[in-house]
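Participant: For what it's worth, the numbering used here labels the leading residue of the sequence shown as 2, then goes sequentially.
Please keep in mind that the hints were generated in silico from the structure rather than gathered at the bench.
Keep in mind that the hints are not guaranteed to be accurate.
What the hints assert, rightly or not - No farther apart than 16 Å at their CA atoms in a straight line, the calculated lysine to aspartate or glutamate pairs in the EDC-like style are these:
id, residue 1, residue 2
1, K65, D102
2, K211, D186
3, K475, D485
4, K188, D213
5, K459, D484
6, K428, E477
7, K226, D167
8, K356, D369
9, K300, E461
10, K300, D257
11, K226, D176
12, K428, D457
13, K134, D369
14, K211, D167
15, K449, D484
16, K118, E362
17, K134, D546
18, K65, D78
19, K188, E149
What the hints assert, rightly or not - Cβ-Cβ distance ranges computed for the label pairs, FRET-style:
id, residue 1, residue 2, range
20, T247, A222, 48 to 54 Å
21, T51, D369, 43 to 49 Å
22, A355, N264, 38 to 44 Å
23, T146, P215, 20 to 26 Å
24, Q86, E331, 32 to 38 Å
25, G103, K37, 18 to 24 Å
Using N, Cα and C, we set each Cβ at its ideal position, and we do this for glycine too.
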Amino acid sequence: MRNLLSISGLLLAITACDGGPGALPEPPVLEITSPKRSHVQNGAGSITVTGMVTPNAEGDAVEKVTVNGVQAQVSADGSFTAQIQVQPGATLIHTIARDADGGEARDTRAMHAGNLKPNGTVVERAVAAAISKEAFAKISGAAGTMIEGMDIKAMLAPMQPMMRYDDPVSLSEEDCLFARGTVNDVKFTNVNITLVPKVGGITFSLQIDKLDVPGRVRWGAACAKGTNDFRVTADKIIVGGTLTVTPDGMNGFKTDLKSPVINVSNLNVNVSGVPSWMEGFLSNGVQAAINTFAPMAMKPVMNMALGALGGPKTLDILGRKMDMQVTPAEIFFDANGGLVVMDMKMVIQGTEAAKGFIYTENGLPTLDPGQGFQLGLADDLANQMLGQAGALGLLNLGMPASGGTFDNANMEMTLAPMISADAADGKMKVILGDMMATFTYQGTPVGKAAISASIDLKIESANNGYGVAVQLGKPEIHVTTVDDIANTTRLLDEDLAKSVEVCLSAQIASISKLLAGIPLPQVAGLQMRNLSVGADDGYVMVKGDLE
2 MRNLLSISGL
12 LLAITACDGG
22 PGALPEPPVL
32 EITSPKRSHV
42 QNGAGSITVT
52 GMVTPNAEGD
62 AVEKVTVNGV
72 QAQVSADGSF
82 TAQIQVQPGA
92 TLIHTIARDA
102 DGGEARDTRA
112 MHAGNLKPNG
122 TVVERAVAAA
132 ISKEAFAKIS
142 GAAGTMIEGM
152 DIKAMLAPMQ
162 PMMRYDDPVS
172 LSEEDCLFAR
182 GTVNDVKFTN
192 VNITLVPKVG
202 GITFSLQIDK
212 LDVPGRVRWG
222 AACAKGTNDF
232 RVTADKIIVG
242 GTLTVTPDGM
252 NGFKTDLKSP
262 VINVSNLNVN
272 VSGVPSWMEG
282 FLSNGVQAAI
292 NTFAPMAMKP
302 VMNMALGALG
312 GPKTLDILGR
322 KMDMQVTPAE
332 IFFDANGGLV
342 VMDMKMVIQG
352 TEAAKGFIYT
362 ENGLPTLDPG
372 QGFQLGLADD
382 LANQMLGQAG
392 ALGLLNLGMP
402 ASGGTFDNAN
412 MEMTLAPMIS
422 ADAADGKMKV
432 ILGDMMATFT
442 YQGTPVGKAA
452 ISASIDLKIE
462 SANNGYGVAV
472 QLGKPEIHVT
482 TVDDIANTTR
492 LLDEDLAKSV
502 EVCLSAQIAS
512 ISKLLAGIPL
522 PQVAGLQMRN
532 LSVGADDGYV
542 MVKGDLE
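Make a model of the complete structure from these sequences and hints.
Facilitator: Structure follows, in structure tokens:
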């Protein structure tokens, strides 16, 4: 007997022609006994699928049974077994029983394979980003604009006084010969940055036009003391060296300038009423201050260029608070560009003690930025967040439905959504497994179905093109009605799949919002164009150009 269910008067019209010319043959009767729906096993490998298949009411002989393309061994009594391989992550098990008349019975169920990890687990190598040397050239232009907009006075304030000569350690003490100078501000008309990656760091050049540094100096000479304002100007100042970038925990990246070289054009020190040696002290002091400022200014540039967040963050997502930490783990440079690897932790508040998520071992993907950039997002990071949303019931739905023989459909997740590679083509997809849909009429259950779906991942521009976000495409839906509740309606599984697509759109929208909440790197104020998505070793790979 076919598994039948109804969703609306419109779809009843589909089944009204069921007995007419061209109607599908009556399928055999199929029952899966193992594995149970929503099965979870520790690790990938083989699994045995067992069940029973018997002829339909017309007695058409069963021709064969396949499970994910593997032909099952069918005994004379109709019992069958098939052994299939399951990969780490989520797998949909498709069983098809076909008879001699062409009738087919289908069953789709889901399972997860991997190790259970607690929520809040730090996902190592959660995000990897490769940036080409051509991209660094474009970052250079954006970096100059960023520095021009910085509040340099506030940046330097904790370091004052920046210039000291033979000065007592305590600022409350003074002797007969000393000098301490405070930089009040650093002004300029234009900044140009050059960044060229090389082994071990970045060849760095900072050019400042029309430098103007006002300040104040407190001094003592021959036991005479005074306080005077000064101003140091220069037509041009160029600072060069090797910029090193290293991980700095949740602060992002630490920057330092090795072997600095400074060249100054037309330097002028304007100060009066001070000893003659004071001009040299102030000239050297301002140049040293610029040497100090240069790597400081590059820290926020590198944090933005390489995707660090600079400390823990709390985000709003689906009406909940999510705590997030991003910690750079490794960073490498060579003549072709840079590669950064970051660890991440994401916890939706209220899920700390929930069941956890299925973790799968990943390697580090091969990254090729071309002339732009490439990002790799570990599936474990997204799967942990999806598991937390499932534990909170954020993806369960209750939807009124007008017409037909039911007026409401409740959809409940029995397995968390999971990003996994498709065994057929290797593409990363979101797998929704064994969602149980209960259909009711005036509060009375009239049918139940297990719904599974695989959904392609898409990459779209976000934040006006300055970032990227993972989105979902159109789902491929598999519906199997179940016998928990006697069906009192008439709708084929295939037609039900069409009807529940509307219901799934709400869940897909919620999952898209969750995935969009993952903070993928934004590259130093540059727009990301020509985006493409792929997969490699458990990572969702995003590639594009920078403009």
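Participant: Does each hint hold? Answer for all of them.
Facilitator: Results for each hint:
1. K65 with D102: The hint holds at about 12 Å.
2. K211 with D186: holds, 14 Å
3. K475 with D485: violated, 29 Å
4. K188 with D213: Distance ~5 Å between K188 and D213 Cα, so the pair holds.
5. K459 with D484: violated, 36 Å
6. K428 with E477: Roughly 14 Å separates the two Cα atoms, so the pair holds.
7. K226 with D167: holds, 14 Å
8. K356 with D369: violated, 37 Å
9. K300 with E461: Roughly 28 Å separates the two Cα atoms, so the pair is violated.
10. K300 with D257: At roughly 9 Å apart (the allowed maximum being 16 Å), D257 and K300 satisfy the hint.
11. K226 with D176: Roughly 9 Å separates the two Cα atoms, so the pair holds.
12. K428 with D457: With Cα atoms ~8 Å apart, K428 and D457 stay inside 16 Å; holds.
13. K134 with D369: holds, 12 Å
14. K211 with D167: Not satisfied, since the Cα-Cα distance of roughly 31 Å exceeds 16 Å.
15. K449 with D484: holds, 7 Å
16. K118 with E362: holds, 12 Å
17. K134 with D546: holds, 12 Å
18. K65 with D78: Given that 16 Å is the threshold and the Cα spacing comes to 14 Å, the pair holds.
19. K188 with E149: holds, 9 Å
20. T247 with A222: 48 to 54 Å: For T247 and A222 the Cβ distance comes to about 42 Å; the hint is violated.
21. T51 with D369: 43 to 49 Å: holds, 45 Å
22. A355 with N264: 38 to 44 Å: violated, 60 Å
23. T146 with P215: 20 to 26 Å: This hint holds: roughly 24 Å between Cβ atoms.
24. Q86 with E331: 32 to 38 Å: holds, 33 Å
25. G103 with K37: 18 to 24 Å: violated, 30 Å
Against the hints set out earlier in the document, violations occur for numbers 3, 5, 8, 9, 14, 20, 22, 25.
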